[in-house]
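S.K.: Residues per chain are reported as follows:
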Amino acid sequence: MSAAPPAIGAFERLQRRAFRTPLDGLVTLVFVAFLAWLAWQAVDWGVLRAVWRAEDAALCREAAAGACWSIIDARHRLILFGLYPFDEHWRSTSAAVAIIATVVLSCIPWFWTARRLVSLWIAGFATYYLLMDGSLLGMAQVTTDKWGGLSLVLFLFSSVVLIGMPTGLGLALMRRSRLPMVRLVASLLIDFIRSLPLLTTLFTAAVVVPILLPDWLQGDKIWRIIIAFSLFFACYQAEVFRGGFQAIPSGQFEAGMALGLGKWQSLSLIILPQVFRHALPATINMVVVTFKETAVVIIIGLFDLLASAQAAFGTGDWVAYYMETYVFVALIYWAFITSLGRYGEFVKDRMKQDEH
Amino acid sequence: MLGWRDFHRMRAREIAIQVGLVLLVLFIVIGSVRSAQVNLAALGITSGYSFLDRATGWSYSFSLLERSIDDPYARTLLIGFLNTIFVGSTSIALATILGFAIGTMRDSRNLGLQVISSIYIQIFRNIPLILQVVFLYALLIHFPGPRQAHSIADAIFMSNRGIMVPVLSMPLGVVAGVVLGSVLLGIGSARHAGSARRALAVWLAGTAALFVAAAFLFTPESQNMVSYPELKGLRFVGGLSLSVELVAMIVGVVLYGAAYIGEVVRGGLAEVPKGLREAGESLGLGTFAVWWTIRMPMALRSIIPPLGNQWIFIMKATTVGVAIGFSDLFYIVSTSITQSGQTLELIAILMGAFLLVNFALAQAVNWLNARLALKGYGA
Numbered sequence: 000m001s002a003a004p005p006a007i008g009a010f011e012r013l014q015r016r017a018f019r020t021p022l023d024g025l026v027t028l029v030f031v032a033f034l035a036w037l038a039w040q041a042v043d044w045g046v047l048r049a050v051w052r053a054e055d056a057a058l059c060r061e062a063a064a065g066a067c068w069s070i071i072d073a074r075h076r077l078i079l080f081g082l083y084p085f086d087e088h089w090r091s092t093s094a095a096v097a098i099i100a101t102v103v104l105s106c107i108p109w110f111w112t113a114r115r116l117v118s119l120w121i122a123g124f125a126t127y128y129l130l131m132d133g134s135l136l137g138m139a140q141v142t143t144d145k146w147g148g149l150s151l152v153l154f155l156f157s158s159v160v161l162i163g164m165p166t167g168l169g170l171a172l173m174r175r176s177r178l179p180m181v182r183l184v185a186s187l188l189i190d191f192i193r194s195l196p197l198l199t200t201l202f203t204a205a206v207v208v209p210i211l212l213p214d215w216l217q218g219d220k221i222w223r224i225i226i227a228f229s230l231f232f233a234c235y236q237a238e239v240f241r242g243g244f245q246a247i248p249s250g251q252f253e254a255g256m257a258l259g260l261g262k263w264q265s266l267s268l269i270i271l272p273q274v275f276r277h278a279l280p281a282t283i284n285m286v287v288v289t290f291k292e293t294a295v296v297i298i299i300g301l302f303d304l305l306a307s308a309q310a311a312f313g314t315g316d317w318v319a320y321y322m323e324t325y326v327f328v329a330l331i332y333w334a335f336i337t338s339l340g341r342y343g344e345f346v347k348d349r350m351k352q353d354e355h
Numbered sequence: 000m001l002g003w004r005d006f007h008r009m010r011a012r013e014i015a016i017q018v019g020l021v022l023l024v025l026f027i028v029i030g031s032v033r034s035a036q037v038n039l040a041a042l043g044i045t046s047g048y049s050f051l052d053r054a055t056g057w058s059y060s061f062s063l064l065e066r067s068i069d070d071p072y073a074r075t076l077l078i079g080f081l082n083t084i085f086v087g088s089t090s091i092a093l094a095t096i097l098g099f100a101i102g103t104m105r106d107s108r109n110l111g112l113q114v115i116s117s118i119y120i121q122i123f124r125n126i127p128l129i130l131q132v133v134f135l136y137a138l139l140i141h142f143p144g145p146r147q148a149h150s151i152a153d154a155i156f157m158s159n160r161g162i163m164v165p166v167l168s169m170p171l172g173v174v175a176g177v178v179l180g181s182v183l184l185g186i187g188s189a190r191h192a193g194s195a196r197r198a199l200a201v202w203l204a205g206t207a208a209l210f211v212a213a214a215f216l217f218t219p220e221s222q223n224m225v226s227y228p229e230l231k232g233l234r235f236v237g238g239l240s241l242s243v244e245l246v247a248m249i250v251g252v253v254l255y256g257a258a259y260i261g262e263v264v265r266g267g268l269a270e271v272p273k274g275l276r277e278a279g280e281s282l283g284l285g286t287f288a289v290w291w292t293i294r295m296p297m298a299l300r301s302i303i304p305p306l307g308n309q310w311i312f313i314m315k316a317t318t319v320g321v322a323i324g325f326s327d328l329f330y331i332v333s334t335s336i337t338q339s340g341q342t343l344e345l346i347a348i349l350m351g352a353f354l355l356v357n358f359a360l361a362q363a364v365n366w367l368n369a370r371l372a373l374k375g376y377g378a
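Protein sequence lines, in the order shown, are assigned to chains D and X. Just so we're aligned: the first sequence equals residues 0 to 355 in numbering that gives the first Met the number 0. Just so we're aligned: the second sequence equals residues 0 to 378 in numbering that gives the first Met the number 0.
The hints are simulated quantities; they were obtained by calculation from the structure and are not laboratory data. The C-beta atom is built at its ideal place from N, Cα and C for all residues, glycine as well. Do not take every clue at face value.
To be verified - Distance condition first, Cα-Cα at most 20 Å in a straight line; then the derived SDA-like pairs of lysine to any residue: (1) 273(X) / 296(X); (2) 145(D) / 134(D); (3) 220(D) / 346(X); (4) 347(D) / 269(X); (5) 231(X) / 147(X); (6) 273(X) / 292(X); (7) 351(D) / 272(X); (8) 351(D) / 271(X); (9) 347(D) / 250(D); (10) 262(D) / 12(X); (11) 273(X) / 19(D); (12) 351(D) / 12(X).
Stated by the list, open to error - To give a feel for the contact side, a few chain X residues facing chain D, derived at Cβ under 7 Å: (13) 20; (14) 21; (15) 31; (16) 111; (17) 346.
Unchecked claim - Far from chain D, by Cβ distances over 12 Å, these chain X residues were calculated: (18) 97; (19) 118; (20) 147; (21) 150; (22) 153; (23) 174; (24) 222; (25) 235; (26) 286.
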């Protein structure tokens, strides 16, 4: 039909994108200059004039000094592990690695069957818990109130996804039920939780639930927060699944019935695999958002990465180096969130290609 | 085959499931309330809303209204609610403007604009909001004191006490009146002006006229029309003082929200068929005219629903201000709980307020969506 456009060289392509008109060229130059200036400032402060080692902390006070990374050198254990006992940090590290490995492995399509995914996540989660708590492995027990830093963030994240995903599926199924009361209860719960800020839900779990429940049902604060956070995740994820259900033609249900499959059989063999597929990009997006949102638990009084960072520059000689600490923590979050997000975009593109 | 007997049995099972579920919900609700009554009675707290008339006895960082530590809880909570609405709606307005700019830049054919806007989105969208807000707050409180404040043209001063800007010296009530008038004018012109462009022009001109008129009529005799901040001793007098908490809060939420809105806008623009742009260009329209009269109106239809979700998100996101001590509704409620112990009542107020705000925002978005719907497209 249409002839292929003539091949153009790199130079010409650049010219078309950056310098189509004089105004275009001017805009490009101004912004490139601005970016270069910003980059230079960052490199000058963060690398060229920076002080790196904890022993050199005195140099940070000199006027010419840039970033004082000494604080990270001196305090990185506090930032990464929180109040976890110093001698047991290897346990916290291995536990964090177990969670990261779980997340990385579940990005591989080979694991995308219900049984493999569930076993993988339960295995990863159990490894984490056994290592962090330690009492079942015969090591010194470390109770949850000592868990902190990056390990705590990963723990919150993985338990919320692990508990919230099946709950979300359950809520989505309830919302599609033929039974009006079941539908009503699910819709009310989903809409209620979705209109509240996450912080309100978590705060209620931390502060109000102890008043509502008899003593023997309360559990640790961290578990109450995880359950409330999972409920929040489940209510959003239920809507993601609902979108997946809506993308499936009703012929698929009828096909299942025609094959003589029962309701649950056709659901699990025919419908759900397609729902998961349709819902995959939105689900990854939800997982990324959840990772980011875990940062608010500092307000409820958990010692997460942000809290341990504030503790790191909160005392002694380090008060002036808040900026370095925040940049360090921001880079950690950014690395995790960007890689998850990139993966989500990759999956979305793959699925778009498959459709053609 | 299904006989009527099977049908009957299935109905019975379904009814049993539903009755069981309702009983379970009732059990949880009634059980919690009973347990709460026992636990609260043990703490010596009388339930009910009579505490709303008691004076609070504590102060907080920011208020739009006159306040004192003798205010009753009801007024303090109202101030918190107004603060949430104020910060939320200001952030929504600014984030929407910035987000449309970022999204349009992402969509532009110019390499420089594309690169800078995608770097912006990569940074601000991929770092937790609360981290950005506490970071900004830390930067602002480490500004020099008022005596060494950074100044811009001797009119705007930035110090660790906040940012001082010049302001029209009108009473606060008049400002509120002008804002209300501007909102009414906006609604009126949107209904009657015919085209979006004319509506915008009428609204902008009308609002400016209202401001100038109010400034002439209501400036107190003893003062200049514009009040500039001035350093007197250790502090600034005159002008308008934007507290560190307020600035960190609004700037943080706006930068974060704009990154999300930018992606929404880019997505909307990408969905407009390419042929429309080419048609516009072949009619001789310039880049801006094609964007403003063809692509944006088309894109808005797919932008508005996710944009509404972002607005609701921003309104809820203002709760992170508690991390830097900004006195939004969440902050006021949690302080009230520690001070008065009326946990259940205060949580009910907090939840009720957010349900109300979300409902109102969702209605507004639905209304906007219905007005913009293309005739003959979709449902």
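S.K.: Checking a non-interface call: every C-beta of chain D should be farther than 12 Å from the C-beta of residue 97(X). Is that right?
M.R.: Given a closest Cβ separation of 16 Å, the condition holds.
S.K.: Residue 147(X) clear of chain D by more than 12 Å, beta carbon to beta carbon?
M.R.: Holds: least Cβ distance 16 Å, greater than 12 Å.
S.K.: Next pair to validate is residue 347(D) with residue 269(X); report whether the Cα-Cα distance is within 20 Å.
M.R.: Answer holds: residue 347(D) to residue 269(X) is near 16 Å, not above 20 Å.
S.K.: Classify the label on residue 118(X) as holds or violated, using whether its beta-carbon is more than 12 Å from each beta-carbon of chain D.
M.R.: Given a closest Cβ separation of 7 Å, the condition is violated.
S.K.: Taking 7 Å as the limit, does the beta-carbon of residue 31(X) come near enough to a beta-carbon in chain D?
M.R.: This interface hint holds because 4 Å falls under the 7 Å limit.
S.K.: Minimum C-beta separation from residue 150(X) to chain D exceeding 12 Å: can you confirm that?
M.R.: 22 Å, holds
S.K.: With a cut-off of 20 Å on the C-alpha distance, tell me whether residue 145(D) and residue 134(D) pass.
M.R.: At roughly 14 Å apart (the allowed maximum being 20 Å), residue 134(D) and residue 145(D) satisfy the hint.
S.K.: Was the hint right that residue 21(X) lines chain D, CB cutoff 7 Å?
M.R.: Since the shortest Cβ distance to chain D is 6 Å, the answer is holds.
S.K.: For residue 273(X) and residue 296(X), compute the direct alpha-carbon distance and say whether it is at most 20 Å.
M.R.: At roughly 14 Å apart (the allowed maximum being 20 Å), residue 296(X) and residue 273(X) satisfy the hint.
S.K.: For the pair we were handed, residue 231(X) and residue 147(X), check the Cα-Cα distance against 20 Å.
M.R.: 13 Å, holds
S.K.: With the threshold set at 20 Å, check whether the alpha-carbon distance from residue 220(D) to residue 346(X) stays at or below it.
M.R.: Holds, at about 18 Å.
S.K.: Hey, does the residue 20(X) contact hint survive, CB to chain D under 7 Å?
M.R.: 6 Å, holds
Checked against the numbered hints listed earlier, the structure breaks hints 9, 12, 19 and 26; every other hint is satisfied.
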